[in-house]
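Those protein sequences? They're chains X and H, same order as listed. Using the numbering used here, the letters of the first sequence map in sequence onto residues 7 to 201. Using the numbering used here, the letters of the second sequence map in sequence onto residues 7 to 201.
Don't read these hints as lab results, they were simulated from the structure. Check each hint, because a few of them may be wrong.
If several chains are the same, the list does not tell them apart, and a pair holds so long as it fits within one copy or across any two.
Stated by the list, open to error - No more than 20 angstroms apart at the CA atoms, straight line, and that leaves these computed lysine to aspartate or glutamate pairs for EDC-like:
(1) K19 x D96
(2) K188 x E173
(3) K190 x E50
(4) K13 x D79
(5) K11 x D96
(6) K169 x E50
2 protein chains.
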Amino acid sequence: MKALKEKIQQDGKMLSESVLKVDAFLNHQIDPQLMKEIGEEFAERFQGQGITKILSIESSGIAPAVMTGLVMDVPVIFARKRKSLTLSDDLYTANVYSYTKHESNDISVSREFINSGDTILIMDDFLANGQAALGLIDIAQQSGAAIAGIGIVIEKGFQPGRKLIQERGIQVESLANIASLKNKEVSFFEEVDSK
Amino acid sequence: MKALKEKIQQDGKMLSESVLKVDAFLNHQIDPQLMKEIGEEFAERFQGQGITKILSIESSGIAPAVMTGLVMDVPVIFARKRKSLTLSDDLYTANVYSYTKHESNDISVSREFINSGDTILIMDDFLANGQAALGLIDIAQQSGAAIAGIGIVIEKGFQPGRKLIQERGIQVESLANIASLKNKEVSFFEEVDSK
Numbered sequence: 007m008k009a010l011k012e013k014i015q016q017d018g019k020m021l022s023e024s025v026l027k028v029d030a031f032l033n034h035q036i037d038p039q040l041m042k043e044i045g046e047e048f049a050e051r052f053q054g055q056g057i058t059k060i061l062s063i064e065s066s067g068i069a070p071a072v073m074t075g076l077v078m079d080v081p082v083i084f085a086r087k088r089k090s091l092t093l094s095d096d097l098y099t100a101n102v103y104s105y106t107k108h109e110s111n112d113i114s115v116s117r118e119f120i121n122s123g124d125t126i127l128i129m130d131d132f133l134a135n136g137q138a139a140l141g142l143i144d145i146a147q148q149s150g151a152a153i154a155g156i157g158i159v160i161e162k163g164f165q166p167g168r169k170l171i172q173e174r175g176i177q178v179e180s181l182a183n184i185a186s187l188k189n190k191e192v193s194f195f196e197e198v199d200s201k
Numbered sequence: 007m008k009a010l011k012e013k014i015q016q017d018g019k020m021l022s023e024s025v026l027k028v029d030a031f032l033n034h035q036i037d038p039q040l041m042k043e044i045g046e047e048f049a050e051r052f053q054g055q056g057i058t059k060i061l062s063i064e065s066s067g068i069a070p071a072v073m074t075g076l077v078m079d080v081p082v083i084f085a086r087k088r089k090s091l092t093l094s095d096d097l098y099t100a101n102v103y104s105y106t107k108h109e110s111n112d113i114s115v116s117r118e119f120i121n122s123g124d125t126i127l128i129m130d131d132f133l134a135n136g137q138a139a140l141g142l143i144d145i146a147q148q149s150g151a152a153i154a155g156i157g158i159v160i161e162k163g164f165q166p167g168r169k170l171i172q173e174r175g176i177q178v179e180s181l182a183n184i185a186s187l188k189n190k191e192v193s194f195f196e197e198v199d200s201k
């Protein structure tokens with residue numbers, strides 16, 4: 007997705023050879039127009055698959071997921087990273103290790119909102135080691151729902167997330183797939199499979 | 007806002023005389039079309055005030071704030087509830103006590119994204135005791151920005167949040183202002199000042 011790659015080139019900050027900071031438009035400050043274009047792109051890539059729900063995770067997955075939900079006209083559920091007092095006890099739960107934060111957290115989704123009749127698009131802002139995505143897959147599978155695929159805004163293609171998901175037979179679509187962050191420069195993999 | 011009040015009547019759950027659960031459309035499962043209508047309503051209520059940025063807080067403030075940002079064509083910043091490893095050290099910080107979670111957290115916003123040239127609309131999903139809103143006001147004031155007002159999706163008008171904000175001379179606009187949750191029924195205050 008050209009507009010996204012240009013935004014990464016322009017406003018992304020390479021903190022190291024593995025850390026890209028996109029706080030300027032995706033996960034602290036948000037560019038709503040770009041989010042809408044992202045939603046339109048995901049709706050096109052996953053069209054015709056009968057998607058009934060989008061499943062994402064707080065906090066940075068919410069903005070792109072809600073815009074995709076708006077274009078696709080389906081509800082969005084975001085997994086919670088810890089129980090809140092007003093969240094139901096009747097939960098699907100998965101454990102997710104964060105390599106960024108060096109800690110493990112349970113993520114939860116109320117059983118009320120997804121079930122075996124659903125076809126789910128899983129979405130997140132980043133794919134790197136794939137741990138959050140695998141947790142969301144686990145939750146979707148606990149519900150008995152079908153998984154249409156995984157939509158990722160920015161993939162760090164030099165890390166193993168995609169491989170771990172594709173091994174489970176699940177389609178991954180990322181809108182910008184980073185090949186390298188070396189020498190404070192970002193380079194992208196060519197898109198060959200995607201429209 | 008009629009569509010929102012109907013949604014609360016239909017899908018909200020009264021867990022007690024002070025707790026309304028709106029996990030079905032606002033803060034766990036999200037209704038993107040309703041969020042868009044909410045964005046249009048806030049854009050109308052705060053039009054002509056020269057707003058340059060929307061400031062909200064993770065996680066449940068993000069969806070309505072991003073839709074409002076889309077309609078108003080301004081960036082959205084969401085305050086973080088704890089520091090992440092990739093968040094800058096150069097932060098505005100305020101301490102916020104949550105009566106729901108019975109704990110106190112620092113909330114933070116990178117200094118990079120708001121400054122004295124900004125006119126800020128503060129937004130959140132709920133207004134009850136006003137602690138999160140006061141924290142966001144504190145952060146906006148640290149930056150030297152002007153505050154256009156506070157946009158709240160659901161206000162618990164029987165709690166003191168509005169009074170605490172108005173005492174600081176700041177306009178509050180809520181789209182549904184709850185008078186009571188007694189006897190498992192929700193009733194709303196009449197809107198007199200708003201369109």
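Structure-based check of each hint:
1. K19 x D96: between (41 angstroms within a copy, 15 angstroms between copies)
2. K188 x E173: Close neither inside one copy (28 angstroms) nor across copies (52 angstroms); limit 20 angstroms.
3. K190 x E50: neither (32 angstroms within a copy, 43 angstroms between copies)
4. K13 x D79: Only across copies: K13 and D79 sit 17 angstroms apart there, 26 angstroms inside one copy, limit 20 angstroms.
5. K11 x D96: So K11 and D96 fail the 20 angstroms test inside a copy (40 angstroms) and across (26 angstroms) alike.
6. K169 x E50: Neither. Shortest intra-copy (23 angstroms) and inter-copy (47 angstroms) distances fail the 20 angstroms Cα cut-off.
Checked against the numbered hints given earlier, this structure breaks hints 2, 3, 5, 6; the rest are met.
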